[in-house]
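In terms of the numbering used here, the sequence shown opens at residue 1 and continues consecutively.
Hints are not guaranteed to be accurate.
[What the hints assert, rightly or not] Straight-line distance between alpha carbons at most 20 Å, and here's what the computed SDA-like set of lysine to any residue pairs gives: (1) K14 <-> A4; (2) K14 <-> F29; (3) K14 <-> P37; (4) K14 <-> L3; (5) K8 <-> A38; (6) K8 <-> I31; (7) K8 <-> A19; (8) K8 <-> L33; (9) K8 <-> L32; (10) K14 <-> F36; (11) K14 <-> L33.
[Said to hold, decoys possible] For each label pair, taking beta carbons as the anchor points, the in silico distance ranges come out as: (12) P23 <-> G2: 18 to 24 Å; (13) S39 <-> G2: 28 to 34 Å; (14) M1 <-> P37: 31 to 37 Å.
No lab work stands behind these hints: they were computed from the structure. Glycine included, C-beta positions come from ideal geometry on N, C-alpha and C.
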Amino acid sequence: MGLAICRKIVEHHKGAIYAEGHPGSGAVFHILLPQFPAS
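Assemble the whole structure, with the sequences as input and the hints as a guide.
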């Protein structure tokens, strides 16, 4: 449930989230968010 909420928040901000699995050492989650110029 937690990752589903994170995904919705990230997508709302025009970003992306993905995971990479590493057998025997767990997973790495990547969150990418665009950088907008300050207004």
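For each hint, the structure was consulted:
1. Only pairs whose Cα atoms come within 20 Å are accepted, and K14 paired with A4 is accepted, the gap being roughly 15 Å.
2. Taken as a hint, the K14 and F29 pair is honoured in the structure, with Cα atoms around 17 Å apart against an allowance of 20 Å.
3. For the given pair, K14 sits about 15 Å from P37 by alpha-carbon distance, which is consistent with the 20 Å threshold.
4. Of the supplied pair hints, the one linking K14 and L3 holds, its CA atoms being roughly 16 Å apart against a limit of 20 Å.
5. As the CA atoms of K8 and A38 are separated by approximately 24 Å, the hinted pair breaks the 20 Å bound.
6. Restraint check: the Cα-Cα separation between K8 and I31 comes to about 12 Å, which is no more than 20 Å; the hinted pair holds.
7. This hinted pair checks out: K8 and A19 have alpha carbons roughly 15 Å apart, not beyond 20 Å.
8. At most 20 Å may separate the alpha-carbon atoms for a hinted pair to count; K8 and L33 meet this at roughly 13 Å.
9. Among the hinted pairs, K8 with L32 is consistent with the structure: their alpha-carbon atoms are about 13 Å apart, no more than 20 Å.
10. Under the criterion of a C-alpha separation no larger than 20 Å, the hint pairing K14 with F36 is consistent with the structure, at around 11 Å.
11. Taking the CA atoms of K14 and L33, the gap is about 7 Å. The hint holds against a cut of 20 Å.
12. Range check, P23 to G2: about 23 Å between beta-carbon atoms, so the 18 to 24 Å window is met.
13. Evaluation of the 28 to 34 Å hint for S39 and G2 yields a pass: the beta carbon distance comes to about 31 Å.
14. The beta-carbon spacing between M1 and P37, approximately 34 Å, falls within the hinted interval of 31 to 37 Å.
Hint 5 from the list above is the single one not met by this structure.
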